[in-house]
Amino acid sequence: MHAALPQQAQQEGGSNDVPTQRTTRDLRRVDIHPDHWYPLAWSREVKRGKAHGVRFAGDPIVLVRTESGRVFALEDRCAHRQVPLHAGVVDGESIRCCYHGWTYDCTGRCTDVPYLGRERLPNGVRSYPCREEAGLIFVFPGDPLLAAEAKFPDLGSASDKAYKTRRFGREVKCHYTFMHENLMDMNHQFLHRRQMGSMRARSLGRRRGEDWVEVDYTFAREAGKQPIGEALVFGQKRGTRPDDGNKDVMTIRTAYPYQTLKICTKDETMVMDLWIAYVPLDREQRTNRTFGLLSIRRPKIGPLLDAAWPLLVWFTERIFKEDRWIVEREQEAHDRQGADHNHEVFPVINELRALLVERGAPPRDASAHAGPDSRRVHLIQPLTDLSAS
Amino acid sequence: MHAALPQQAQQEGGSNDVPTQRTTRDLRRVDIHPDHWYPLAWSREVKRGKAHGVRFAGDPIVLVRTESGRVFALEDRCAHRQVPLHAGVVDGESIRCCYHGWTYDCTGRCTDVPYLGRERLPNGVRSYPCREEAGLIFVFPGDPLLAAEAKFPDLGSASDKAYKTRRFGREVKCHYTFMHENLMDMNHQFLHRRQMGSMRARSLGRRRGEDWVEVDYTFAREAGKQPIGEALVFGQKRGTRPDDGNKDVMTIRTAYPYQTLKICTKDETMVMDLWIAYVPLDREQRTNRTFGLLSIRRPKIGPLLDAAWPLLVWFTERIFKEDRWIVEREQEAHDRQGADHNHEVFPVINELRALLVERGAPPRDASAHAGPDSRRVHLIQPLTDLSAS
Amino acid sequence: MHAALPQQAQQEGGSNDVPTQRTTRDLRRVDIHPDHWYPLAWSREVKRGKAHGVRFAGDPIVLVRTESGRVFALEDRCAHRQVPLHAGVVDGESIRCCYHGWTYDCTGRCTDVPYLGRERLPNGVRSYPCREEAGLIFVFPGDPLLAAEAKFPDLGSASDKAYKTRRFGREVKCHYTFMHENLMDMNHQFLHRRQMGSMRARSLGRRRGEDWVEVDYTFAREAGKQPIGEALVFGQKRGTRPDDGNKDVMTIRTAYPYQTLKICTKDETMVMDLWIAYVPLDREQRTNRTFGLLSIRRPKIGPLLDAAWPLLVWFTERIFKEDRWIVEREQEAHDRQGADHNHEVFPVINELRALLVERGAPPRDASAHAGPDSRRVHLIQPLTDLSAS
Numbered sequence: 001m002h003a004a005l006p007q008q009a010q011q012e013g014g015s016n017d018v019p020t021q022r023t024t025r026d027l028r029r030v031d032i033h034p035d036h037w038y039p040l041a042w043s044r045e046v047k048r049g050k051a052h053g054v055r056f057a058g059d060p061i062v063l064v065r066t067e068s069g070r071v072f073a074l075e076d077r078c079a080h081r082q083v084p085l086h087a088g089v090v091d092g093e094s095i096r097c098c099y100h101g102w103t104y105d106c107t108g109r110c111t112d113v114p115y116l117g118r119e120r121l122p123n124g125v126r127s128y129p130c131r132e133e134a135g136l137i138f139v140f141p142g143d144p145l146l147a148a149e150a151k152f153p154d155l156g157s158a159s160d161k162a163y164k165t166r167r168f169g170r171e172v173k174c175h176y177t178f179m180h181e182n183l184m185d186m187n188h189q190f191l192h193r194r195q196m197g198s199m200r201a202r203s204l205g206r207r208r209g210e211d212w213v214e215v216d217y218t219f220a221r222e223a224g225k226q227p228i229g230e231a232l233v234f235g236q237k238r239g240t241r242p243d244d245g246n247k248d249v250m251t252i253r254t255a256y257p258y259q260t261l262k263i264c265t266k267d268e269t270m271v272m273d274l275w276i277a278y279v280p281l282d283r284e285q286r287t288n289r290t291f292g293l294l295s296i297r298r299p300k301i302g303p304l305l306d307a308a309w310p311l312l313v314w315f316t317e318r319i320f321k322e323d324r325w326i327v328e329r330e331q332e333a334h335d336r337q338g339a340d341h342n343h344e345v346f347p348v349i350n351e352l353r354a355l356l357v358e359r360g361a362p363p364r365d366a367s368a369h370a371g372p373d374s375r376r377v378h379l380i381q382p383l384t385d386l387s388a389s
Numbered sequence: 001m002h003a004a005l006p007q008q009a010q011q012e013g014g015s016n017d018v019p020t021q022r023t024t025r026d027l028r029r030v031d032i033h034p035d036h037w038y039p040l041a042w043s044r045e046v047k048r049g050k051a052h053g054v055r056f057a058g059d060p061i062v063l064v065r066t067e068s069g070r071v072f073a074l075e076d077r078c079a080h081r082q083v084p085l086h087a088g089v090v091d092g093e094s095i096r097c098c099y100h101g102w103t104y105d106c107t108g109r110c111t112d113v114p115y116l117g118r119e120r121l122p123n124g125v126r127s128y129p130c131r132e133e134a135g136l137i138f139v140f141p142g143d144p145l146l147a148a149e150a151k152f153p154d155l156g157s158a159s160d161k162a163y164k165t166r167r168f169g170r171e172v173k174c175h176y177t178f179m180h181e182n183l184m185d186m187n188h189q190f191l192h193r194r195q196m197g198s199m200r201a202r203s204l205g206r207r208r209g210e211d212w213v214e215v216d217y218t219f220a221r222e223a224g225k226q227p228i229g230e231a232l233v234f235g236q237k238r239g240t241r242p243d244d245g246n247k248d249v250m251t252i253r254t255a256y257p258y259q260t261l262k263i264c265t266k267d268e269t270m271v272m273d274l275w276i277a278y279v280p281l282d283r284e285q286r287t288n289r290t291f292g293l294l295s296i297r298r299p300k301i302g303p304l305l306d307a308a309w310p311l312l313v314w315f316t317e318r319i320f321k322e323d324r325w326i327v328e329r330e331q332e333a334h335d336r337q338g339a340d341h342n343h344e345v346f347p348v349i350n351e352l353r354a355l356l357v358e359r360g361a362p363p364r365d366a367s368a369h370a371g372p373d374s375r376r377v378h379l380i381q382p383l384t385d386l387s388a389s
Numbered sequence: 001m002h003a004a005l006p007q008q009a010q011q012e013g014g015s016n017d018v019p020t021q022r023t024t025r026d027l028r029r030v031d032i033h034p035d036h037w038y039p040l041a042w043s044r045e046v047k048r049g050k051a052h053g054v055r056f057a058g059d060p061i062v063l064v065r066t067e068s069g070r071v072f073a074l075e076d077r078c079a080h081r082q083v084p085l086h087a088g089v090v091d092g093e094s095i096r097c098c099y100h101g102w103t104y105d106c107t108g109r110c111t112d113v114p115y116l117g118r119e120r121l122p123n124g125v126r127s128y129p130c131r132e133e134a135g136l137i138f139v140f141p142g143d144p145l146l147a148a149e150a151k152f153p154d155l156g157s158a159s160d161k162a163y164k165t166r167r168f169g170r171e172v173k174c175h176y177t178f179m180h181e182n183l184m185d186m187n188h189q190f191l192h193r194r195q196m197g198s199m200r201a202r203s204l205g206r207r208r209g210e211d212w213v214e215v216d217y218t219f220a221r222e223a224g225k226q227p228i229g230e231a232l233v234f235g236q237k238r239g240t241r242p243d244d245g246n247k248d249v250m251t252i253r254t255a256y257p258y259q260t261l262k263i264c265t266k267d268e269t270m271v272m273d274l275w276i277a278y279v280p281l282d283r284e285q286r287t288n289r290t291f292g293l294l295s296i297r298r299p300k301i302g303p304l305l306d307a308a309w310p311l312l313v314w315f316t317e318r319i320f321k322e323d324r325w326i327v328e329r330e331q332e333a334h335d336r337q338g339a340d341h342n343h344e345v346f347p348v349i350n351e352l353r354a355l356l357v358e359r360g361a362p363p364r365d366a367s368a369h370a371g372p373d374s375r376r377v378h379l380i381q382p383l384t385d386l387s388a389s
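Residue numbers (full-length UniProt numbering), protein chains in the order written: chain A, 1 to 389; chain B, 1 to 389; chain C, 1 to 389.
Next up, chain A with everything else stripped away, as it sits in the complex:
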């Protein structure tokens, strides 16, 4: 029915001058790799003496801010009857389950069952390495032994006073990989034509490292005037005619699993610095929560940026809303088609796709996880063996 073949078949056909994808894995079924630090909440969401429930790839996690103000992270299920600990009561430096009062410390050890002797305390719950930086609470959801040596992300200019930072994000109903592709492919300016006017991106070339891909762009305005929101982002007015000498360079980089977008003027001043992470919420990783730090360099006359900030917020929200809408349509198409039918022609995006598969989690062992789905897969699995014999 569909004239365009699925990604893999096209690549093998070799008709396009793009990197060949050797993998047979569907990119939208590649789980994000858990052995990284992921932001799971804004600091302001976890109030002193309160617990807050979040999720990473289907795993419920409770973030607890104790009475002394420190934050710890545990599996968000009481060991007793599996109810969420985030509905519990913070008691000093511990969390007490709301149901029968079982109590856990920051290591997940059960330290009290009110109706049981202390000598018979049951097992506790899993704890997660946890760190608070730049207004974000990070958790290391993978192998805890790897947390100490794992690279903690550079959060860009969020703590540099020369910049003003907007913290933003939402739940988006798509696989995290669509987010990476959306931001990196600046040919999608057409989507934002109502906000940005008619802009043409020109790719200046790409670079690739072991765990990163990046690309540079310049932009030319094809028609219309520069919108004021965009001018704010750049801190100054730019030329509006094609090729009028605007030599700002935008660099977009996926340094797995994070993404950054920086804009530098020709005098190499960085006027905009975005750090962003996409955190899968459900086990199938078909939704993600986005955490973005958007830093804008303060102009000489400081208060100007503060005064114009609401307009910048409004402008970026509208752009983000359009992006959210389109990536959710991409996920919907994948759900309906049951496979990745994308027909990508832009080399940098094919490079990015390869990176996301390589650095992603290995395929799940069907028998290793607990859901009802996995058991069904397990029952069906032996078929292969049988038909081979």
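Read the hints as simulated data drawn from the structure, not as lab findings.
There may be inaccurate statements among the hints.
Since the list gives no way to pick out one identical chain from another, each pair is judged satisfied if it fits inside one copy or across any two copies.
Below, in silico cross-link-like pairs of lysine-lysine (BS3-like), each with a Cα-Cα straight-line distance of 30 Å or less [unchecked claim]:
1) LYS266 with LYS161
2) LYS47 with LYS262
3) LYS173 with LYS247
4) LYS47 with LYS321
5) LYS247 with LYS151
6) LYS173 with LYS50
Fit chains B and C to the given chain A structure using the hints.
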């Protein structure tokens, strides 16, 4: 648990004087045959210079009315990233995808990718034969080579000035076959007792052709007075006592895949002429959109009908609402029971059921379509072979 | 990921002094046994000359109150086209389907098809034994031959004029077994700390019979004052200091499939008497409707209780709301984990769990029921045989 056996078992028991159904196919799993012209939208829904998304049996289709006013139909998925073309921009006689601006003409050919040389244009998308008649946009969703010779439906009196036509329809959450059975079995007047009073239908006999079934009825009022809405439909007042000589004949015909209902007076004037089609929306065909053309013969004093029209609209809407409610309950019962447990005793309906199976699409080859479900079926399929060996 | 092992593994480890559970069945997949009398509606819900649709474990049942006032229960599906009979019309002592007017008497026999000769009447529908007591309509959903000898429940003090009875209940989205465990484990007073203050339950020991388990508790207030709602339940004010001589005894009993909670003062006056039943609604039994009769002994000065009744209603509703919330979280955890990971340490609850498995319905034969799910199971089933050969 259920005293009544499923349809097939009963028929084989032979206890009822009805045509034996030889098929083992569940009627509610017979897909409508795609090699016919189906209305997918009202003309007024597709405005000049706009695109409009519709569905046929799970396939997304975009209807585009170009700047010159003609309508064409394409697969509603950009070949690039599968997002809906109906969110795009009509550009002269083409449609431009909203995301990266890929452009398609009326044949589905990709004629422009803004950031790619014209010599390297990728494959396009599927196009569908498309025709606009009587305020409806028809598409031929099956094999396009058959479209030219396929019979285009006779839309009844919709373009005859002696009649006034009401265009109506809604989404109904049931398999299209329930719609055919509902309209053809006039013994369901009991359902409309609050609108119609106590009416008794009498079947005068049925006829059957290769691709059609029809049945004639007369009606007798058992109690109560004729409602004014009904009088309007007939254009005059009729007797209200049983067998008082009302010899109007109602003929209901399924001429696959369409249905008509005509009422003729004893002097053979057709006072009412309904043409109706039921278009499956989802792949499982458990919802349909109904497109109806209800034509009423204008009385001698023309403006009378126009004046009374709102009342007729109200009356038919109430009838249709009751029908919609009951067929959705039928679909619900089928979903819960997982099979067709209907126990049909009315010969014309059994004839109709046989026709709908015979003319319907052949059973889907489980491995041929793309959804996640099909893959599961595919995995399970080999079992039969294995157990036979 | 989870530090606590599933129930069975822990028991086998034998580290806790609790009854060993020998079963391998997941308690949350044990269906309630159908060979008992279950309340399916309040009498007031089934008005004279009206029909009312209810469900038991996925089976639709219509309760019909005829013009003479008696109630009967039938399968809530017309034998003809499976639409719900509860949308029909009560006609004397019969129910007439709303669609084509097929008519059934209290035994489920089809007594009229308006357009068919009486000599050719089709099969009817299943009927259920039905009984009305204490404002509740009971149905026997299992083998009807066992209904006569099945023990009808003792509904406590609901018909004793020395008591005032509140009828309450709601739909709760969890397996019925969570309800039994919630009520029987009084260590969950911590959940109600905002309503009840800080109370400590002390278990006085448990008893077990063939089809019942019961446990006695006393309570001591650890902090705070007795709330007025609680005082009302007990009909008098009690001591508020720990061990101040309050010797009220609360006895909670699951007499399969019902549950009771009685509070007796030291002079053996029963001041509170609760009878409660949990009726599974869906086939998977993941929701239940609760029917409770809460009887409070009238104090010497009768009108006092009546005057305070709204406060008691408010108090019990708040308690019930908290319980409903937590058991729904338990069901949610089970759904996500796909198995019972409970780590129960309280002996009486392990006793109760064993009873609920023993008295529950035998495992469903996968091929015996009709839903689409069952067919899938049926297809997969042969695998076991194959791999053994």
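Status of each hint after checking the structure:
With identical chains, the CA atoms of LYS266 and LYS161 are at most 30 Å apart within one copy only, with a shortest distance of 22 Å there and 72 Å across copies. Taking the shortest Cα distances, LYS47 and LYS262 never come within 30 Å of each other, neither inside one copy (32 Å) nor across copies (42 Å). With identical chains, the CA atoms of LYS173 and LYS247 are never at most 30 Å apart, being 36 Å at best within one copy and 57 Å at best between copies. For the homomeric pair LYS47 and LYS321, the shortest alpha-carbon distances inside one copy (28 Å) and between copies (26 Å) are both at most 30 Å.
For the homomeric pair LYS247 and LYS151, neither the shortest alpha-carbon distance inside one copy (33 Å) nor that between copies (62 Å) is at most 30 Å. Proximity of LYS173 to LYS50 under the C-alpha cut-off of 30 Å is found in both arrangements, the shortest distances being 28 Å within a copy and 27 Å between copies.
The structure does not agree with the numbered hints 2, 3 and 5 stated previously, though it agrees with the rest.
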